[in-house]
Amino acid sequence: MPKITVAGSSFDRAADESVLDALLRHGVAVPNSCRKGACQSCMMRAMDGYVPAEAQAGLKETFVHEGYFLACQCRPDGDLTLASPDNNAAFQPATVVFTEALGETVHRVVLSPETPLHYHAGQFINLRRPDGLIRSYSLASLPGTIPELEIHVKRLPGGAVSTWLCDTIKAGDPVEVSAPAGTCFYLPTREPQNMLLIGTGTGLAPLFSIARDALHAGHQGGIHLYHGSRSRDGLYRHHPLRDLHAAHDNFHYHPCVSGRDVPDDCIPGRADAVALHEFGNLAGWRVYLCGLPAMVHAARTQAYLKGASLADIHADAFELAGRDENRGAADEAATG
Amino acid sequence: MDTSVYDEIGGAVAVDAAVDIFYRKVLTDSSISHFFDSVDMDDQAAKQKAFLTMAFGGPNEYTGKDMRAAHAGLVSRGLNDSHFDAVCGHLKSTLEELGVPESLLTTILGVAESVRDDVLNR
Ligand SMILES: Cc1cc2nc3c(=O)[nH]c(=O)nc-3n(C[C@H](O)[C@H](O)[C@H](O)COP(=O)(O)OP(=O)(O)OC[C@H]3O[C@@H](n4cnc5c(N)ncnc54)[C@H](O)[C@@H]3O)c2cc1C
Ligand code: HEM
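Quick note, the sequences are listed as chains B and G, same order. Heads up, the first sequence is in this note's numbering, so the first residue is 36 and it goes up one at a time. Heads up, the second sequence is in this note's numbering, so the first residue is 38 and it goes up one at a time.
It should be emphasised that the hints constitute simulated quantities derived from the structure, not laboratory data. Certain hints may be false.
[Stated by the list, open to error] The list that follows gives simulated cross-link-like pairs (lysine-lysine, PhoX-like), each with its CA atoms no further than 25 angstroms apart:
1. G:Lys84 - B:Lys71
2. G:Lys84 - B:Lys95
3. B:Lys341 - G:Lys86
4. G:Lys62 - B:Lys341
5. B:Lys341 - G:Lys84
6. G:Lys86 - B:Lys71
7. G:Lys102 - G:Lys86
8. G:Lys129 - B:Lys341
9. B:Lys95 - G:Lys86
Produce the complete structure using the sequences and hints provided.
Given below as structure tokens:
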């Protein structure tokens, strides 16, 4: 049976068990959240042994070189020796500046971190509640302008952290935030590349940042943002985005409503279906997909088959934390 | 393995470009696309990369035994010579699109051909 050694103690691991599951089973406290390789909160460092490449997918090059990997995605053939999980290094204190309801289910939460974060538009942070629960939230703020961080939180019925962020916290409350993470981000290009941005629910948050950052950087080429929700109420940035559309020739906002009662200024249908139907050939396009995991995965294949190259498709699936059963139902609730 | 083909073609960068073209051909070919349905695209792209790196004679850790194991499930789902030929056909047209010279093309297709029996578990 393969072994894992941490801080001088060795633990057995079943062949198909992830390093995270094995350590948790043995009572080793490892921070974690989505367990799908997305949130990076279970990042650990190998001191000895072979880490399979899939456990390092999506990590920054420097982290890869230093032997960091995602414990939830790591099923090595042999033994591993790990540095102790350091619960505090990656987090810093932040204060809630204010919260604001954007419609019935989405809240905008603005946080002030003790030390300003350097992040790319589209990245996310892990937020840690005083009781230790960790959840990921994408940054909707414009990087490099103000030190405050803005996140958009969708209230999920029965969701621990989202209901707390939407209903309980108030200005002045302490939280903790991680360093920015994720590879679904915008970098300026000199070529006039067209961009297709598709987001469902709070999947808009990173796209709201990317679109404004691109305009701010003088992006040449069209920027097409499709925001989808089941109802008009879920299009929680309708007016600011319409204003942005009016102000920039190359920015196009396409609000999509997949349920009934579609207002005149919205497009009926699912955002990904509407968007991918609109464009015949995506060769040379940069594509960003955020929100509902099922949408993200399906749209990714479609965008690729329509000619976008794999390297130009950036995706953030908002995987819910540790809910393997009833995943479908929870996903629906999460982003619909 | 002959690593010079891999280097001559342009190494990892060339493999990335080839994966993009090759995988799209495979996924849109209805005679073989069903073999790829159940696999996540990220994983699959990584595996396509492994496939091409191997065909180009680049650094890889696969043995004949691994090739057998990787495709055993597919063989039980009906993978046969016709599917193998289709994949080799997509490999060939991908290389042609990328302007790979004839001599290299022959070498690469030869590498692919050499694993036929392992892939088909014979
Ligand atoms: C990279 C990334 C970025 C993200 N960005 C954002 C963002 O910008 N905005 C955003 O709103 N979210 C985002 N998320 C999702 C976010 O991290 C949380 O998962 C989400 O807020 C739910 O957390 P929670 O604690 O409220 O819900 P949890 O308590 O984790 O519950 C999740 C869901 O499961 C249901 N549930 C609870 N218990 C059970 C059970 N026993 N069986 C079945 N279902 C159950 C709950 O009702 C709820 O609907 C992101 C996720 C990732 C991975
Ligand atoms: C030239 C011949 C071939 C070579 C060199 C080759 C190479 C590979 C390699 C290296 C992998 C990854 C193994 C791993 O790391 O898990 C793989 C997986 C795979 N191959 Fe092939 N392959 C060949 C032919 C084919 C054919 C003809 C098909 C089907 C039409 C096919 C379908 C697949 C699938 C679906 C997987 C993923 C299996 C899984 O993840 O379960 N391959 N192949």
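Restraint check for Lys95 of chain B with Lys86 of chain G, where alpha carbons must lie at most 25 angstroms apart: holds (20 angstroms)
Given pair status - Lys71 of chain B, Lys86 of chain G, alpha carbons within 25 angstroms: Status holds; Cα separation ~22 angstroms.
Hint consistency between Lys341 of chain B and Lys84 of chain G [alpha-carbon to alpha-carbon, up to 25 angstroms]: At roughly 21 angstroms apart (the allowed maximum being 25 angstroms), Lys84 of chain G and Lys341 of chain B satisfy the hint.
Restraint status (C-alpha distance of Lys84 of chain G to Lys71 of chain B at most 25 angstroms): Roughly 19 angstroms separates the two Cα atoms, so the pair holds.
Pairwise hint evaluation, Lys341 of chain B against Lys129 of chain G, where the allowed Cα distance is 25 angstroms at most: holds (21 angstroms)
Restraint status (C-alpha distance of Lys84 of chain G to Lys95 of chain B at most 25 angstroms): Roughly 21 angstroms between the alpha carbons, so the hint for Lys84 of chain G and Lys95 of chain B holds.
Pair hint outcome, Lys341 of chain B versus Lys86 of chain G [Cα-Cα no greater than 25 angstroms]: holds (20 angstroms)
Hint consistency between Lys62 of chain G and Lys341 of chain B [alpha-carbon to alpha-carbon, up to 25 angstroms]: Roughly 11 angstroms between the alpha carbons, so the hint for Lys62 of chain G and Lys341 of chain B holds.
Distance restraint between Lys102 of chain G and Lys86 of chain G, which requires alpha-carbon spacing of 25 angstroms or less: holds (19 angstroms)
When held up to the earlier numbered hints, the structure conflicts with none and fits them all.
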